[in-house]
Amino acid sequence: MNLSIFDIIVVVAYLILIFFSGTLVKKYVKGIDNFLVAGRSMKFHLGLLSLMCTEIGMITYVYYAELGFKSGFAALIVAFPPVIAYIFLGKTGFIIKPLLEMKLSTIPEFFSRKFSNGVRLYIGIIMAIGGILNFGVFPGVEANFINIVTGIPKDYLLVTMVVMLTVVLFYTAVGGMVSVIVTNYIQYVLLSFGMLFITIYGVFHIGWGNIVTAVTKEYGEKGMNPFSPSIMEGQFGFGFLVWQILLWVALLVGWQAISMRLFSSKDAKTGQKIYTWSGLLFLSRAIMPILWGIMAIAVVGTEIDSLEALPLLLVEIIPSGLLGIIFAALLAASMSTYASYLLSWSSVVSQDIIGSVVTMVTKKELDSKTQLLVSRITMAGVMIFIIWWSLFHEMEGLLYFYLNMTGMLFIPGVLICVAFGIYWKKSRTLGAYLAITFGAILPMLYLIWPTEVQDYASEIGWGGFVVSVIGMLLGSTIQNIFQPKVEAESV
Amino acid sequence: MKTGEYIWAAVIIFSTISFAYMSVKVIYKGLGELKEMLRNLGK
Chain A
1 MNLSIFDIIV VVAYLILIFF SGTLVKKYVK GIDNFLVAGR SMKFHLGLLS
51 LMCTEIGMIT YVYYAELGFK SGFAALIVAF PPVIAYIFLG KTGFIIKPLL
101 EMKLSTIPEF FSRKFSNGVR LYIGIIMAIG GILNFGVFPG VEANFINIVT
151 GIPKDYLLVT MVVMLTVVLF YTAVGGMVSV IVTNYIQYVL LSFGMLFITI
201 YGVFHIGWGN IVTAVTKEYG EKGMNPFSPS IMEGQFGFGF LVWQILLWVA
251 LLVGWQAISM RLFSSKDAKT GQKIYTWSGL LFLSRAIMPI LWGIMAIAVV
301 GTEIDSLEAL PLLLVEIIPS GLLGIIFAAL LAASMSTYAS YLLSWSSVVS
351 QDIIGSVVTM VTKKELDSKT QLLVSRITMA GVMIFIIWWS LFHEMEGLLY
401 FYLNMTGMLF IPGVLICVAF GIYWKKSRTL GAYLAITFGA ILPMLYLIWP
451 TEVQDYASEI GWGGFVVSVI GMLLGSTIQN IFQPKVEAES V
Chain B
1 MKTGEYIWAA VIIFSTISFA YMSVKVIYKG LGELKEMLRN LGK
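Those protein sequences? They're chains A and B, same order as listed. Take 1 as the starting number for the first sequence in the numbering used here and just add one per residue. Take 1 as the starting number for the second sequence in the numbering used here and just add one per residue.
Isolated chain B (complex conformation):
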């Protein structure tokens, strides 16, 4: 039972950290891409 608990704890920690990292990245870089997309569509 303890092994299962550790495995799931590791999965939860990994997915939370990776989600936080990827979210910051897509929000930061996505803003520039959004502006560029609107500029291209407006041409």
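Isolated chain A, as found in the complex:
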């Protein structure tokens, strides 16, 4: 065991605190609106804090650190596209303002209002597949991380996953978004301390000069310059940046865990303000973990599994006695993400798939109590699936690209449908179906043959958006020719 008795006491105290504060708020959950979007009562600072907690998980640290470990300082360029996307959407209100004014609970709801229940069901299914495949690698990667940091033998990988997820499942299923926000507060205190401590302590402990020397020795010019050999040919060159900016704009509109935070905000103005300021925090969310990966080059060398670079670095540099607090901070990051993702992906399944089917068949909506029950059962189902997927799925290529591509299964379709649905009066149901379908084809190629097509990740990325636009224009034009009246549309 790498943890001392003091470390273990700190971790257990944290778990007890989270468990009780998460479950005690059950009394505030009076209906599905409180459960999913906390009664739309979240103000600016709390919204910002909760959004950060959702999007900073142990998995975030691992994939960003892997990028830094594999590409050196050049990987830091990856931190800028989200900043651009957040500030652009927050300042202009492009897409998000109309969405906030519609008072949605989930993004697919937009599809039934603008297009049809059939489109909502279709995007709900693709979203659930992409989202859950994305979420499905979290437990395996994180349990491995926990095992290395704590020194728990790898034979206990499954037990580690189950214990951690059960605690999260329990308080999320009981208190929904209210529990998530309350526990997020405690988790943010810990995770922000942990991130700052690792960054500052790491740089002083290892020495800036040693870090730079290790990167230059290992990667040369490429490790410093993201555009080496040229802006068009570089690993993080023009094509990559275009793809990442499009991806982030789309994620901020259609990534369920992020948009649910947006929908929980008090009003459109608060939602926009949360996005503008998130840009600044998202810069640090990427810069710090990438730097940890870069530090690992200097401390543990490059002859190891890249996903293990960060946990090995932490074991090497964090003094015993402080490891418990840092570990609790990492657990906090992990659990806050699990809680939000469980809530958001299960809400897509319960609201947009099961709910849509029930509405289509019975012509009636489920009552609030049944919706709550369905949401809670779905959560348990999602949890069982991701544990199973984590045990059997083998990762090929960089984790960052796998996560991007699973999201890309629905993200181009969502962005194009929402943007055209809001701003183009001639957008039609057939256009939405084709935009979603076309947008999913290229990322699917990456997920099926990752090794063969990994050199074309950027082209697949921005290409997904281009073909999705073609699908929307083509489908809407055809439908406008053969079925000109919008009123004539049916499910």
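Just so you know, these hints were derived from the structure itself, not from any lab. Glycine included, C-beta positions come from ideal geometry on N, C-alpha and C. Incorrect hints may appear among the rest.
Stated by the list, open to error - Computed from the model, here is a short list of chain B residues facing chain A with C-beta under 8 Å:
no.: 1; residue: Glu5
no.: 2; residue: Trp8
no.: 3; residue: Ser15
no.: 4; residue: Thr16
no.: 5; residue: Ser18
no.: 6; residue: Phe19
no.: 7; residue: Ile27
no.: 8; residue: Glu33
As the list claims (entries may be wrong) - Computed list of lysine-lysine pairs in DSBU-like fashion (alpha-carbon distance at most 35 Å, straight line):
no.: 9; chain 1: A; residue 1: Lys266; chain 2: B; residue 2: Lys29
no.: 10; chain 1: A; residue 1: Lys26; chain 2: B; residue 2: Lys35
no.: 11; chain 1: A; residue 1: Lys97; chain 2: B; residue 2: Lys29
no.: 12; chain 1: A; residue 1: Lys222; chain 2: B; residue 2: Lys2
no.: 13; chain 1: A; residue 1: Lys273; chain 2: B; residue 2: Lys29
no.: 14; chain 1: A; residue 1: Lys269; chain 2: B; residue 2: Lys35
no.: 15; chain 1: B; residue 1: Lys25; chain 2: A; residue 2: Lys43
no.: 16; chain 1: A; residue 1: Lys266; chain 2: B; residue 2: Lys2
no.: 17; chain 1: B; residue 1: Lys25; chain 2: A; residue 2: Lys97
no.: 18; chain 1: A; residue 1: Lys26; chain 2: B; residue 2: Lys29
no.: 19; chain 1: B; residue 1: Lys35; chain 2: A; residue 2: Lys273
no.: 20; chain 1: A; residue 1: Lys70; chain 2: B; residue 2: Lys35
no.: 21; chain 1: B; residue 1: Lys35; chain 2: A; residue 2: Lys43
no.: 22; chain 1: B; residue 1: Lys29; chain 2: A; residue 2: Lys43
no.: 23; chain 1: A; residue 1: Lys269; chain 2: A; residue 2: Lys97
no.: 24; chain 1: B; residue 1: Lys35; chain 2: A; residue 2: Lys425
no.: 25; chain 1: A; residue 1: Lys266; chain 2: B; residue 2: Lys25
no.: 26; chain 1: B; residue 1: Lys35; chain 2: A; residue 2: Lys91
no.: 27; chain 1: A; residue 1: Lys269; chain 2: B; residue 2: Lys2
no.: 28; chain 1: B; residue 1: Lys2; chain 2: A; residue 2: Lys103
Said to hold, decoys possible - Counterexamples of contact, computed for chain A against chain B with all Cβ distances above 12 Å:
no.: 29; residue: Met1
no.: 30; residue: Lys43
no.: 31; residue: Met52
no.: 32; residue: Lys70
no.: 33; residue: Lys91
no.: 34; residue: Pro153
no.: 35; residue: Val174
no.: 36; residue: Glu308
no.: 37; residue: Thr370
no.: 38; residue: Trp389
no.: 39; residue: Met395
no.: 40; residue: Ala419
Start from chain A and add chain B according to the hints.
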């Protein structure tokens, strides 16, 4: 190579300081908002 090193050092320092500042701010002001949210939900 040296220019790259300075640029990245500046980016890292800026992001660390801004993260520390924003974190203190959201933790301090977020507590009041959390209490208010729970009060409103409990009505």
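Status of each hint after checking the structure:
1. Glu5: This hint holds: B:Glu5 lies near chain A, its Cβ roughly 5 Å from the closest one there, short of 8 Å.
2. Trp8: holds, 5 Å
3. Ser15: Status holds, d = 4 Å.
4. Thr16: holds, 6 Å
5. Ser18: With a minimum Cβ separation of about 5 Å from chain A (threshold 8 Å), the hint on B:Ser18 holds.
6. Phe19: OK, holds: B:Phe19 within 8 Å of chain A, min 4 Å.
7. Ile27: For B:Ile27, the interface hint holds, since the closest Cβ of chain A sits about 6 Å away, which is under 8 Å.
8. Glu33: Constraint on B:Glu33 satisfied, holds at 4 Å.
9. A:Lys266 with B:Lys29: holds, 16 Å
10. A:Lys26 with B:Lys35: holds, 15 Å
11. A:Lys97 with B:Lys29: holds, 25 Å
12. A:Lys222 with B:Lys2: OK: A:Lys222 and B:Lys2 at ~13 Å, within 35 Å.
13. A:Lys273 with B:Lys29: Holds, at roughly 15 Å.
14. A:Lys269 with B:Lys35: holds, 21 Å
15. B:Lys25 with A:Lys43: holds, 14 Å
16. A:Lys266 with B:Lys2: violated, 47 Å
17. B:Lys25 with A:Lys97: With a Cα-Cα distance of about 25 Å, the restraint between B:Lys25 and A:Lys97 holds, given a limit of 35 Å.
18. A:Lys26 with B:Lys29: holds, 24 Å
19. B:Lys35 with A:Lys273: holds, 21 Å
20. A:Lys70 with B:Lys35: violated, 44 Å
21. B:Lys35 with A:Lys43: Holds. B:Lys35 to A:Lys43 sits at ~11 Å (cutoff 35 Å).
22. B:Lys29 with A:Lys43: holds, 10 Å
23. A:Lys269 with A:Lys97: holds, 8 Å
24. B:Lys35 with A:Lys425: violated, 43 Å
25. A:Lys266 with B:Lys25: holds, 19 Å
26. B:Lys35 with A:Lys91: holds, 28 Å
27. A:Lys269 with B:Lys2: Status violated; Cα separation ~43 Å.
28. B:Lys2 with A:Lys103: violated, 51 Å
29. Met1: Fine: 31 Å to the nearest Cβ keeps A:Met1 off the interface.
30. Lys43: Violated, since 4 Å does not exceed 12 Å.
31. Met52: violated, 8 Å
32. Lys70: Non-interface label stands for A:Lys70: nearest chain B Cβ at 16 Å, farther than 12 Å.
33. Lys91: For A:Lys91, whose nearest Cβ neighbour in chain B is about 17 Å away, the distance exceeds 12 Å, so it holds.
34. Pro153: holds, 35 Å
35. Val174: holds, 15 Å
36. Glu308: holds, 23 Å
37. Thr370: Its Cβ never comes within 12 Å of chain B, the nearest being 22 Å, so this holds.
38. Trp389: holds, 32 Å
39. Met395: holds, 28 Å
40. Ala419: For A:Ala419, whose nearest Cβ neighbour in chain B is about 30 Å away, the distance exceeds 12 Å, so it holds.
The earlier numbered hints that this structure contradicts are 16, 20, 24, 27, 28, 30 and 31.
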